[in-house]
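Student: Okay, here's what each chain looks like letter by letter:
There are 2 protein chains.
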Amino acid sequence: MSTVGVLGGTGPAGRGVAIRLASAGYDVILGSRDATRAEETASTLLARGEGVIRGATNDVAADCEIIIVATPFESAVATVKELKSKLAGKIVISMVNALVREGKELIPLYPPRGSMAAQLAFALPDSTIVGAFHHLPASEMENLDSGLDADVVIFSDDVAARDRVATMVAEMPGLRAIVAGSMSLASAIEAFTAVCISINIRYKAHSYVKLAGLRD
Amino acid sequence: MSTVGVLGGTGPAGRGVAIRLASAGYDVILGSRDATRAEETASTLLARGEGVIRGATNDVAADCEIIIVATPFESAVATVKELKSKLAGKIVISMVNALVREGKELIPLYPPRGSMAAQLAFALPDSTIVGAFHHLPASEMENLDSGLDADVVIFSDDVAARDRVATMVAEMPGLRAIVAGSMSLASAIEAFTAVCISINIRYKAHSYVKLAGLRD
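So the sequences go chain by chain: P and E.
Once you know that position 35 of the first sequence is 365 in my numbering, the rest is easy, because the numbers rise by one and skip nothing.
Once you know that position 103 of the second sequence is 433 in my numbering, the rest is easy, because the numbers rise by one and skip nothing.
Here chain P stands alone, though its shape is the one from the complex (with noise of 0.2 Å):
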C-alpha cells in the first residue's frame, strides 16, 4: 500500500478523505502548517476509524508516494509552490474548489487557467495533476457510519495516474470511482461542487452525486 499525503489535512475536506484512506489500509500522513494541530487531528480521526493517520507538517506529508491537496482554495498554489521539488515525479490529486459563498448560495469561482487543478498543474510542471473528491460531503465523508455511497469523479491528462487513483477511490468505503476523462472537464467538475452545496443549504440536507445507471 501507498502511503499518501494530505497537505491542509486538518480541514474537512482532509479529514473526511484521510479517515476513509486509513480504513482502506493506506498510511495516511496528515499535513498542516501547524504539526501540533494535525497531530491533534490524526489523533481525533484515529480514535474513530482504523489504520494509520499521523499528523504532521506539510513538507513531511510532501514524502509520500501520493499527495492529496486538501488546503482552501486561496492557499493551494502557495502551499504546493513551496514543496515542488519534493512534489516532482508524483501524483498529486487536487481536491480544491474555487467558490465563494454569496447570501444563501455557493457560487463557483473561474480560476485565470480554468480550474484550481489547471493552476496547480502549472504550478508543478514535474508532477501529475489528477483530480477527485470534489463533491463529497465533508461531515458524511468523515463519519464512517454516516452510510455515504458516494461517486468520486475523477479527472487528468495522465491516464494511468487516473487510474491509479481511481483503484485507490475504489478500496475506500462508501466512494464509487468514476472517470470522467481529461482536464478539458476540470472547471465542470470543481465548479459543480458549488451546485452541491447550494442544494444542500436549501434543502438543509447532506446530499450528494450518485450517477444512476452505471453498473457498479
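Some hints could be false.
Intra- or inter-copy, both count: the list cannot distinguish identical chains.
[Stated by the list, open to error] Dumping the calculated SDA-like pairs for lysine to any residue here, alpha-carbon to alpha-carbon at most 20 Å:
| no. | residue 1 | residue 2 |
| --- | --- | --- |
| 1 | 411 | 448 |
| 2 | 416 | 453 |
| 3 | 416 | 389 |
| 4 | 434 | 489 |
| 5 | 540 | 477 |
| 6 | 534 | 489 |
| 7 | 434 | 487 |
| 8 | 534 | 493 |
| 9 | 434 | 507 |
| 10 | 534 | 496 |
| 11 | 434 | 491 |
| 12 | 534 | 507 |
| 13 | 414 | 440 |
| 14 | 434 | 544 |
| 15 | 420 | 542 |
| 16 | 416 | 357 |
| 17 | 434 | 490 |
| 18 | 414 | 333 |
| 19 | 434 | 488 |
No lab work stands behind these hints: they were computed from the structure.
Position chain E relative to chain P; hints supplied.
Tutor: Same frame as chain P, but now just chain E:
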C-alpha cells in the same frame, strides 16, 4: 394546465421533454424551422405516449404560455431573438448546453456571458429565464418505459418562476425537481452536462444525476 412550446423540439433534447410533458397533461407544441418535420415528430411521439403534442413552426410554438428552448446551442440566441416580442412577459426555460466533441469527450464551452442561459437572458430582456433539463440522457427521456428516475437541477434569478418550473417538472414522470438557486450557478450546471455525457461515452452507459440524501 399551461400550454408549453418547445423551440427546436424535433431534436433529441426537445423530444424527451415533450413526451414527458404531454404525459403529465400539458398541451405541447413542438416547434421547428420545418413545420412538416415537427408534425411528423409529434405524431411519432404521440404514438409512444399519452396526451397532446402538435408540431408547428417555432413561431407558432412561441404563442404558448411557457416556452422551452431546445435548439442546438449555436442557433439558440438567433432563434429566440426572432421571437422576442412573443416571448416577452413569459417564462423561457433554457435547456441549452454549449458543448463540443473533442476526441472521446464532450467538453464545455463558456459563452461570453458565462452560460447559455445568460446569453438568452440578454437576448430576451423582457422574458424570465429559467434553466432546467440539462443533465438528462436523451434516449431514456424519450422512452417512457426506460425506468428513468432523474434529478432536474433548476436555476433562475426569479424565485416565482423557478418554483413554477419546479412544480411542472415534478409532475413529469421519472423526474424530480431540485431548485439549486440563481443564475450564478448557470455555468456550473450547464457545463456539468459535458461531464455526464463524457462519462456515458466512456462507460457505454446512459447514466444521469441523482442526488442521494435528499428527501423526495
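Student: My question is about residue 540 and residue 477: at a cut-off of 20 Å on alpha-carbon distance, are they close within one copy, between copies, both, or neither?
Tutor: both (13 Å within a copy, 16 Å between copies)
Student: Cα distance capped at 20 Å. Does residue 434 pair with residue 487 within a copy, between copies, both, or neither?
Tutor: between (35 Å within a copy, 13 Å between copies)
Student: For the identical chains here, do residue 434 and residue 490 meet the 20 Å Cα criterion within one copy, between copies, both, or neither?
Tutor: between (40 Å within a copy, 17 Å between copies)
Student: For residue 534 and residue 489, with the copy left unspecified, which applies at a CA distance of at most 20 Å: within, between, both, or neither?
Tutor: between (38 Å within a copy, 18 Å between copies)
Student: Tell me, please, which holds for residue 411 and residue 448 at an alpha-carbon limit of 20 Å: within, between, both or neither?
Tutor: The answer is within: 14 Å in one copy meets 20 Å, while 36 Å across copies does not.
Student: Treating 20 Å as the Cα threshold, decide for residue 434 and residue 491: within, between, both or neither.
Tutor: between (37 Å within a copy, 18 Å between copies)
Student: From the Cα coordinates, with 20 Å as the cut-off, is the pair residue 416 and residue 389 best called within, between, both, or neither?
Tutor: within (8 Å within a copy, 63 Å between copies)
Student: At most 20 Å between CA atoms: does that hold for residue 534 and residue 507 within a copy, between copies, both, or neither?
Tutor: between (26 Å within a copy, 16 Å between copies)
Student: Using 20 Å as the alpha-carbon threshold, which applies to residue 434 and residue 544: within, between, both, or neither?
Tutor: between (33 Å within a copy, 18 Å between copies)
Student: Within, between, both or neither: how does the pair residue 534, residue 496 come out at a Cα-Cα threshold of 20 Å?
Tutor: Only across copies: residue 534 and residue 496 sit 18 Å apart there, 30 Å inside one copy, limit 20 Å.
Student: At most 20 Å between C-alpha atoms: does residue 434 with residue 489 qualify within a copy, between copies, both, or neither?
Tutor: Between copies, since 13 Å is at most 20 Å while 38 Å is not.
Student: Checking residue 416 and residue 453: alpha-carbon separation at most 20 Å within a copy, between copies, both or neither?
Tutor: Answer is within: at 13 Å inside a copy they meet the 20 Å cutoff, but 51 Å across does not.
Hint compliance for this structure: hints 13 and 15 are not met, and every other hint is.
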